[in-house]
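Enquirer: Take the sequence shown: its position 46, counting from 1, is numbered 47 in our numbering, and each next residue is one higher.
Just so you know, not all the hints are guaranteed correct.
So the derived label-pair ranges between C-beta atoms look like this [unchecked claim]: (1) N15 <-> R83: 29 to 39 angstroms; (2) R25 <-> I54: 13 to 23 angstroms; (3) L81 <-> Q57: 11 to 21 angstroms.
Restricting the straight-line Cα-Cα distance to at most 20 angstroms, the calculated cross-link-like pairs of lysine to aspartate or glutamate (DMTMM-like) are [to be verified]: (4) K5 <-> D99; (5) K5 <-> E34; (6) K5 <-> E67.
Hints are computed from structural coordinates only; laboratory data are not their basis.
Think of the CB as a built atom: it goes at the ideal place given N, C-alpha and C, for glycine as much as any other residue.
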Amino acid sequence: MGSKWEFPGGKVENGETAEAALARELNEELGIEATVGQRLTTIRHNYRNGTIIEIQFFRVDSFAGEIENRIFQDMRWTDLTRLPEFDFLAADLSLIRDLAAGKYL
2 MGSKWEFPGG KVENGETAEA ALARELNEEL GIEATVGQRL TTIRHNYRNG
52 TIIEIQFFRV DSFAGEIENR IFQDMRWTDL TRLPEFDFLA ADLSLIRDLA
102 AGKYL
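Using the sequences and the accompanying hints, generate a full structural model.
Expert: As structure tokens, this is what we get:
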């Protein structure tokens, strides 16, 4: 879904935990070695075209390496309260509201 903001991550491969998948994806997409922490939430979303997805969001407690943009059109660090200003994917919107409200601090 081009031109929408999204969090880094991706699909869990066979035999892989969700945490291991996120660590792998962060390395592939950003070039970092991440320490994946606790799961924040799991969101199940039904898109209008009938696609149903389930996304698990995790806290990243620390990482090693310099972040580099390997695949994204743009990347930004921003204050959590400003997240609702960005045009995120529909599946991310409830998490965006919770993050902006300070739910996971």
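Enquirer: Would you mind marking each hint as holding or not holding in the structure?
Expert: These are the hints, each one checked on the structure:
1. Separation of N15 from R83 is about 38 angstroms and conforms to the stated range, judged on CB atoms against 29 to 39 angstroms.
2. Separation of R25 from I54 is about 19 angstroms and conforms to the stated range, judged on CB atoms against 13 to 23 angstroms.
3. Between L81 and Q57 the beta carbon distance is about 19 angstroms. The supplied range of 11 to 21 angstroms therefore holds.
4. Under the criterion of a C-alpha separation no larger than 20 angstroms, the hint pairing K5 with D99 is consistent with the structure, at around 19 angstroms.
5. Using a Cα cut-off of 20 angstroms, the hinted pair K5 and E34 is violated, with the two alpha carbons roughly 25 angstroms apart.
6. At most 20 angstroms may separate the alpha-carbon atoms for a hinted pair to count; K5 and E67 exceed this at roughly 24 angstroms.
The earlier numbered hints that this structure contradicts are 5 and 6.
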